[in-house]
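**Q** These are the residues of each chain, in order.
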Amino acid sequence: MSNEEFSNAMKELLKQAIAPVRDAELRRDLWPQMLARLERQPQPVSSVPWFDWALAAILSTVLIFFPSSIPALLYHL
Amino acid sequence: MELLERFAAGDLEAFEVLFRQHQREVYAWIVRIVRDTGIAEDLTVETFWRIYKYRARFKPDGNFRAWARRIATNAALDHLRHARRETALPENLPCEASPDSAVRGETRDLIRKAFYELPPKYRLVAALALVEEESYSDIAHAVGISESLVKVRVFRAVRMLRNKLNSLVVEVCAK
Numbered sequence: 001m002s003n004e005e006f007s008n009a010m011k012e013l014l015k016q017a018i019a020p021v022r023d024a025e026l027r028r029d030l031w032p033q034m035l036a037r038l039e040r041q042p043q044p045v046s047s048v049p050w051f052d053w054a055l056a057a058i059l060s061t062v063l064i065f066f067p068s069s070i071p072a073l074l075y076h077l
Numbered sequence: 001m002e003l004l005e006r007f008a009a010g011d012l013e014a015f016e017v018l019f020r021q022h023q024r025e026v027y028a029w030i031v032r033i034v035r036d037t038g039i040a041e042d043l044t045v046e047t048f049w050r051i052y053k054y055r056a057r058f059k060p061d062g063n064f065r066a067w068a069r070r071i072a073t074n075a076a077l078d079h080l081r082h083a084r085r086e087t088a089l090p091e092n093l094p095c096e097a098s099p100d101s102a103v104r105g106e107t108r109d110l111i112r113k114a115f116y117e118l119p120p121k122y123r124l125v126a127a128l129a130l131v132e133e134e135s136y137s138d139i140a141h142a143v144g145i146s147e148s149l150v151k152v153r154v155f156r157a158v159r160m161l162r163n164k165l166n167s168l169v170v171e172v173c174a175k
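Chains H and U, in that order, are what the protein sequence lines are.
Under the numbering used here, the letters of the first sequence match residues 1 to 77, in that order.
Under the numbering used here, the letters of the second sequence match residues 1 to 175, in that order.
Among the clues, some could well be false.
Taking lysine-lysine pairs in the BS3-like style, the calculated list, with each CA pair at most 27 Å apart, reads [what the hints assert, rightly or not]:
1) U:K151 <-> H:K11
2) U:K151 <-> U:K121
3) U:K164 <-> H:K11
4) U:K53 <-> U:K113
5) U:K53 <-> H:K15
6) H:K11 <-> U:K113
7) H:K15 <-> U:K59
8) U:K113 <-> H:K15
9) H:K15 <-> U:K121
10) U:K53 <-> H:K11
11) U:K164 <-> U:K151
FYI, nobody ran anything at the bench for these hints, they're computed from the structure.
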């Protein structure tokens, strides 16, 4: 049996075991749940990209372990 | 100001309009993946929560429908990853048995078990491509991968199912 034939056979088996969703109609309006979710989890005031935090962490680490680099940093600012 | 521009600017009323316009379509897409109506409702809300949260990243001249579907797919995939092994056979949708089906009872349960044991990213494409017969193109856009990769994942999903069900398939195909 070729791969394609086997794929088709498997597809048929799967469709017999797991019927396609025929009724995917939403039964109710989900807006009230959405509003509740929005009230429960207020959006963050500001979002800082992760790489900004990573840069800040790296810079802090360098300054803590190599304080002699502070003048060089200030010179380049 | 256009609806999408108002939404991207954080207008809650614009978001409500978009929610009501797209909730049914988002739900219908998710339920095809997770195959549970209650979970699909929760994930629809989760999807729109993410949409609202990341609204600043949406370009008002972009395709909101495609963007929403991508986020819905990611939410469904996250669910499959977290819910894995927690519940066996979560499908709560009516399963219509084929009248002349050779696949009955225990055999059907074995196939369903093998399907639900697939790794989430393979289960997702298997559900959409093999069971729901969505086009590779639609799946590729929704998942954010190429059509070629969708085909590869479908192929691998079939191979995994074959390995799990090898003896069973041989028996059925021999009939």
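**Q** Are the hints correct? Go through all of them and say.
**A** A quick look at each hint next to the structure:
1. Proximity of K151 (chain U) to K11 (chain H) is assessed by CA-CA distance (about 14 Å); at most 27 Å being required, the pair is judged to hold.
2. A distance of roughly 13 Å separates the Cα atoms of K151 (chain U) and K121 (chain U); the hinted pair therefore holds under the 27 Å criterion.
3. Using a Cα cut-off of 27 Å, the hinted pair K164 (chain U) and K11 (chain H) holds, with the two alpha carbons roughly 14 Å apart.
4. A C-alpha spacing of about 36 Å is found between K53 (chain U) and K113 (chain U), which places the hinted pair above 27 Å, so the restraint is violated.
5. Taken as a hint, the K53 (chain U) and K15 (chain H) pair is broken in the structure, with Cα atoms around 37 Å apart against an allowance of 27 Å.
6. Restraint check: the Cα-Cα separation between K11 (chain H) and K113 (chain U) comes to about 15 Å, which is no more than 27 Å; the hinted pair holds.
7. A distance of roughly 39 Å separates the Cα atoms of K15 (chain H) and K59 (chain U); the hinted pair therefore is violated under the 27 Å criterion.
8. Of the supplied pair hints, the one linking K113 (chain U) and K15 (chain H) holds, its CA atoms being roughly 14 Å apart against a limit of 27 Å.
9. With a CA separation close to 19 Å, the supplied pair K15 (chain H) and K121 (chain U) stays within the 27 Å bound.
10. With a C-alpha separation of about 38 Å, the suggested pairing of K53 (chain U) with K11 (chain H) is violated against the 27 Å cut-off.
11. Taken as a hint, the K164 (chain U) and K151 (chain U) pair is honoured in the structure, with Cα atoms around 20 Å apart against an allowance of 27 Å.
Checked against the numbered hints above, the structure breaks hints 4, 5, 7, 10 and satisfies the rest.
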